[in-house]
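J.: Sequence:
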Amino acid sequence: MLADWTGTGALEIVPVVRRMREILLASPRLFADETTMPVLDPGRGKTKKGFAWAIARDDRPWGGTDPPAVVFHYAPGRGAEHAKALLAGYRGILQCDGYGAYKTLAVEREGITLAFCWPHVRRGFIELAKGKTAPIAAETLRRIAALYAVEAEVRGKPPDIRRTARQEKSHPLVEDLLAWLSAQLARLPGSSPTAEAIRYALNHREGLMRFLNDGRVELDTNTVERAIRPICLSRKNALFASGDDGGARWAAVASLVETCKLNAVDPQRYFTDVLTHLVNGWPNSRIDELMPWCWAAGTNGPASSEGCEGP
1 MLADWTGTGA LEIVPVVRRM REILLASPRL FADETTMPVL DPGRGKTKKG FAWAIARDDR
61 PWGGTDPPAV VFHYAPGRGA EHAKALLAGY RGILQCDGYG AYKTLAVERE GITLAFCWPH
121 VRRGFIELAK GKTAPIAAET LRRIAALYAV EAEVRGKPPD IRRTARQEKS HPLVEDLLAW
181 LSAQLARLPG SSPTAEAIRY ALNHREGLMR FLNDGRVELD TNTVERAIRP ICLSRKNALF
241 ASGDDGGARW AAVASLVETC KLNAVDPQRY FTDVLTHLVN GWPNSRIDEL MPWCWAAGTN
301 GPASSEGCEG P
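UniProt numbering numbers the first residue of the sequence shown as 1 and each following residue consecutively.
It should be emphasised that the hints constitute simulated quantities derived from the structure, not laboratory data. There's no promise every hint is true.
For each label pair, taking beta carbons as the anchor points, the in silico distance ranges come out as [to be verified]:
no., residue 1, residue 2, range
1, 175, 135, 18 to 26 Å
2, 81, 18, 13 to 21 Å
3, 188, 145, 37 to 45 Å
4, 11, 187, 53 to 61 Å
5, 22, 279, 17 to 25 Å
6, 152, 123, 16 to 24 Å
7, 135, 168, 27 to 35 Å
8, 18, 176, 41 to 49 Å
9, 286, 157, 32 to 40 Å
10, 193, 104, 36 to 44 Å
11, 276, 172, 55 to 63 Å
Pairs of lysine to any residue, SDA-like flavour, derived with a Cα cap of 20 Å [to be verified]:
no., residue 1, residue 2
12, 84, 185
13, 157, 147
14, 103, 126
15, 49, 99
16, 169, 158
17, 157, 214
18, 48, 77
19, 169, 113
20, 103, 90
21, 84, 130
22, 103, 80
23, 84, 169
24, 49, 64
25, 84, 18
26, 103, 127
27, 261, 66
28, 84, 111
29, 48, 66
Small disclaimer: the values here were computed from a predicted structure and weren't measured. For every residue, glycine included, the Cβ atom is placed at its ideal position computed from N, Cα and C.
Let the hints inform the model, and build the full structure from the sequences given.
T.: Structural data, given as structure tokens:
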């Protein structure tokens, strides 16, 4: 019975989540990521692998005023078609890892620019650096850490200040690092783990350098990775969703829960109030007032429409 109630509530909030996705897709910059999500496979008596895709926005690191938000989308697969569906109509900078679905999207759709994640480069060297004879990995990690030292200095600063600092301090570091990695690659066996890690960095050079010329771009995709972290807990605690429909309901609920958290809103109080308004016929013309950031602005209730319109 509790599951049925949850499912009914999830259906009620669909218009809110749908509108939140529209608002995010109008943003000039988004984060994107995906992760596995086990779901029941009816008729087979076991689970199958589904995927939770996510897009997120958080402009606070560069002083942006648009409210942070995340929207999840359940899909039965990880193919490029699902990235295209989630990001339908989007034009702007997409911060992501090097997964091929995002590259396909950028190639096939004009107006999307990819900015890649430096920690994904870093991860390729972390395990290698644990060995006592991995000087290339250790040196690479040291150089990436230097980039983050610059970021610490400009966090929260306006984009133009961030860009200036990056051009003066980070650009030479990145150029030196990539040139040094190229030289090391020439000396390594092509099949070695270190060579593989180096090739990943060099093959994503353009997207990794995107942050140098745009103060709004982050070095990493930590914003969206933090948002999907609860899925890992869900895999341990809830074990699985009740089929593809259950995955879609989970995505709707998780979108609002995580967006509440990003906006310092108590999810339980938010859901109690917003569901009450929705089941009592809240008009679609005022759906923007139910966004978590607008609900917070209304002192734990729907704000007036002024200042809460979408783009």
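J.: Now, for every hint given, state plainly whether the structure supports it.
T.: Each hint tested on the structure:
no., hint, result
1, 175 x 135: 18 to 26 Å, "21 Å, holds"
2, 81 x 18: 13 to 21 Å, "20 Å, holds"
3, 188 x 145: 37 to 45 Å, "22 Å, violated"
4, 11 x 187: 53 to 61 Å, "59 Å, holds"
5, 22 x 279: 17 to 25 Å, "22 Å, holds"
6, 152 x 123: 16 to 24 Å, "20 Å, holds"
7, 135 x 168: 27 to 35 Å, "29 Å, holds"
8, 18 x 176: 41 to 49 Å, "47 Å, holds"
9, 286 x 157: 32 to 40 Å, "36 Å, holds"
10, 193 x 104: 36 to 44 Å, "27 Å, violated"
11, 276 x 172: 55 to 63 Å, "57 Å, holds"
12, 84 x 185, "35 Å, violated"
13, 157 x 147, "16 Å, holds"
14, 103 x 126, "25 Å, violated"
15, 49 x 99, "18 Å, holds"
16, 169 x 158, "17 Å, holds"
17, 157 x 214, "13 Å, holds"
18, 48 x 77, "10 Å, holds"
19, 169 x 113, "24 Å, violated"
20, 103 x 90, "14 Å, holds"
21, 84 x 130, "38 Å, violated"
22, 103 x 80, "9 Å, holds"
23, 84 x 169, "36 Å, violated"
24, 49 x 64, "37 Å, violated"
25, 84 x 18, "16 Å, holds"
26, 103 x 127, "26 Å, violated"
27, 261 x 66, "15 Å, holds"
28, 84 x 111, "13 Å, holds"
29, 48 x 66, "37 Å, violated"
Hint check: violations occur at hints 3, 10, 12, 14, 19, 21, 23, 24, 26, 29; the rest are consistent with the structure.
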